[in-house]
Amino acid sequence: GNSVTQMEGPVTLSEEAFLTINCTYTATGYPSLFWYVQYPGEGLQLLLKATKADDKGSNKGFEATYRKETTSFHLEKGSVQVSDSAVYFCALSDQYDYKLSFGAGTTVTVRA
Amino acid sequence: DVKVTQSSRYLVKRTGEKVFLECVQDMDHENMFWYRQDPGLGLRLIYFSYDVKMKEKGDIPEGYSVSREKKERFSLILESASTNQTSMYLCASSLPAGLGNEQFFGPGTRLTVL
Numbered sequence: 005g006n007s008v009t010q011m012e013g014p015v016t017l018s019e020e021a022f023l024t025i026n027c028t029y030t031a032t033g034y035p036s037l038f039w040y041v042q043y044p045g046e047g048l049q050l051l052l053k054a055t056k057a058d059d060k061g062s063n064k065g066f067e068a069t070y071r072k073e074t075t076s077f078h079l080e081k082g083s084v085q086v087s088d089s090a091v092y093f094c095a096l097s098d099q100y101d102y103k104l105s106f107g108a109g110t111t112v113t114v115r116a
Numbered sequence: 161d162v163k164v165t166q167s168s169r170y171l172v173k174r175t176g177e178k179v180f181l182e183c184v185q186d187m188d189h190e191n192m193f194w195y196r197q198d199p200g201l202g203l204r205l206i207y208f209s210y211d212v213k214m215k216e217k218g219d220i221p222e223g224y225s226v227s228r229e230k231k232e233r234f235s236l237i238l239e240s241a242s243t244n245q246t247s248m249y250l251c252a253s254s255l256p257a258g259l260g261n262e263q264f265f266g267p268g269t270r271l272t273v274l
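Taken in sequence, the protein lines are chains Y and W.
Offset between the first sequence (1-based) and the numbering used here: plus 4.
Offset between the second sequence (1-based) and the numbering used here: plus 160.
Calculated from the structure, these hints are not laboratory results.
Virtual Cβ for every residue (Gly too), placed ideally from N, Cα, C.
A portion of the hints provided could be inaccurate.
Pair ranges (Cβ atoms, derived) [unchecked claim]:
(1) GLN85(Y) x ARG270(W): 43 to 51 Å
(2) LYS56(Y) x PHE180(W): 26 to 34 Å
(3) LYS178(W) x ALA116(Y): 40 to 48 Å
(4) PRO14(Y) x ASP211(W): 18 to 26 Å
(5) ASP188(W) x SER83(Y): 33 to 41 Å
(6) ARG115(Y) x MET214(W): 42 to 50 Å
(7) GLU73(Y) x GLU216(W): 27 to 35 Å
The following block holds chain Y by itself, in its conformation from the complex (with noise of 0.2 Å):
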């Protein structure tokens, strides 16, 4: 079955770091990949998607690669701020599955 694997937090960062977050999954058929973040207080809202081998999803200066080879989406951000603070999920879908896999999710903190 579908199953993603996302690096354990909690992570505290300074501002301006750079901040990563690891994404494995397993999957059958051609999944299309996905970011989520949690907001204190809100439900989730989707940061970037990507659908095929070697798309690459950017939003609000955050990016990741569909990584085939190493089945992996890896989370990046150059330089956090503090309103970044939040909850990460890494999530999966089959192509043809409405269904989603979460992670685990990933909490950061960015302090100032």
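Dock chain W against the given chain Y, drawing on the hints supplied.
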């Protein structure tokens, strides 16, 4: 923009009570989902529905039921609440499979069962 709303942000109930959590989406999405979110466990799918009156069990359906009488509304029911059902409950909706699979989430209901 898609909007998914949930009836309550915070709810406190007693053991044995029947609990209704309501979710409404305004984008005419076919699919709707109920998850629970617990620290260290991520999101776990309780039930989903791909059409009115249609439902399928997710990964952790025990102790829950659902109802979808109208396309825009999906209800989660705890028949007899227990303390181990204290959690954050998230509702989501999406287009049919193959059309991006992006799910849109509501703000969540934090349920405490005493």
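Going back to the hint list, which numbers does this structure go against?
Violated hints (numbers, rising): 1, 2 and 4; every other hint is consistent with the structure.
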